[in-house]
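Protein sequence lines correspond, in order, to chains A and B. With my numbering, letter number 13 in the first sequence gets 13, and the count goes up by one each step, no holes. With my numbering, letter number 21 in the second sequence gets 21, and the count goes up by one each step, no holes.
Check the hints yourself; a few may be wrong.
Not everything, but these chain B residues come out facing chain A in the computed CB check (under 8 Å) [as the list claims (entries may be wrong)]:
1) Ile21
2) Asp26
3) Leu65
4) His66
The hints are simulated quantities; they were obtained by calculation from the structure and are not laboratory data. Just so you know, even glycine gets a beta-carbon here, dropped at the ideal spot from N, CA and C.
There are 2 protein chains.
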Amino acid sequence: MSNAVFYHAGCSVCVSAEEQILNVLDNQKVNVEVVHFGDQKGRIPEAEQAGVKSVPALVIDGQVLHINFGASMEDVRKAVGA
Amino acid sequence: MSNAVFYHAGCSVCVSAEEQILNVLDNQKVNVEVVHFGDQKGRIPEAEQAGVKSVPALVIDGQVLHINFGASMEDVRKAVGA
Numbered sequence: 001m002s003n004a005v006f007y008h009a010g011c012s013v014c015v016s017a018e019e020q021i022l023n024v025l026d027n028q029k030v031n032v033e034v035v036h037f038g039d040q041k042g043r044i045p046e047a048e049q050a051g052v053k054s055v056p057a058l059v060i061d062g063q064v065l066h067i068n069f070g071a072s073m074e075d076v077r078k079a080v081g082a
Numbered sequence: 001m002s003n004a005v006f007y008h009a010g011c012s013v014c015v016s017a018e019e020q021i022l023n024v025l026d027n028q029k030v031n032v033e034v035v036h037f038g039d040q041k042g043r044i045p046e047a048e049q050a051g052v053k054s055v056p057a058l059v060i061d062g063q064v065l066h067i068n069f070g071a072s073m074e075d076v077r078k079a080v081g082a
């Protein structure tokens with residue numbers, strides 16, 4: 001079983017990517033946690049340490065997949081005041 | 001059932017993304033075709049028309065997800081002589 005975290009910030013690109021990718025993942029193969037930085041800004045450091053540069057991003061077993069481009073982590077920090 | 005095409009060009013970023021994402025897709029929900037532009041340069045126009053700007057990219061039911069960045073389509077065209 002893989003573990004994945006989908007990090008996003010509520011932007012339209014994020015929401016669209018979330019809908020598309022989460023719909024086709026296999027829940028038997030991967031546990032997916034969705035983290036919205038607007039609600040959980042305390043998770044920003046862990047994402048940056050994993051290598052997340054922008055949102056939306058899907059981190060699967062520690063490997064970062066940046067999916068399209070919604071906003072840089074710098075802009076996410078500004079937006080949520082972190 | 002969704003239909004998806006994973007477009008790539010054999011680059012290391014492409015191969016890595018392919019392994020990560022295809023492993024966790026649900027084959028009961030999505031049919032995935034893998035297209036390597038080095039082998040199938042005739043598929044470049046359809047990808048560009050779908051909105052693919054770089055590889056690797058996963059197009060799910062016509063919606064493009066650019067996953068990380070391996071190469072621009074311009075560079076893919078140069079590399080494969082298309």
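Now for the hints, and whether the structure bears them out:
no.: 1; hint: Ile21; in the structure: holds (7 Å)
no.: 2; hint: Asp26; in the structure: holds (4 Å)
no.: 3; hint: Leu65; in the structure: holds (5 Å)
no.: 4; hint: His66; in the structure: holds (5 Å)
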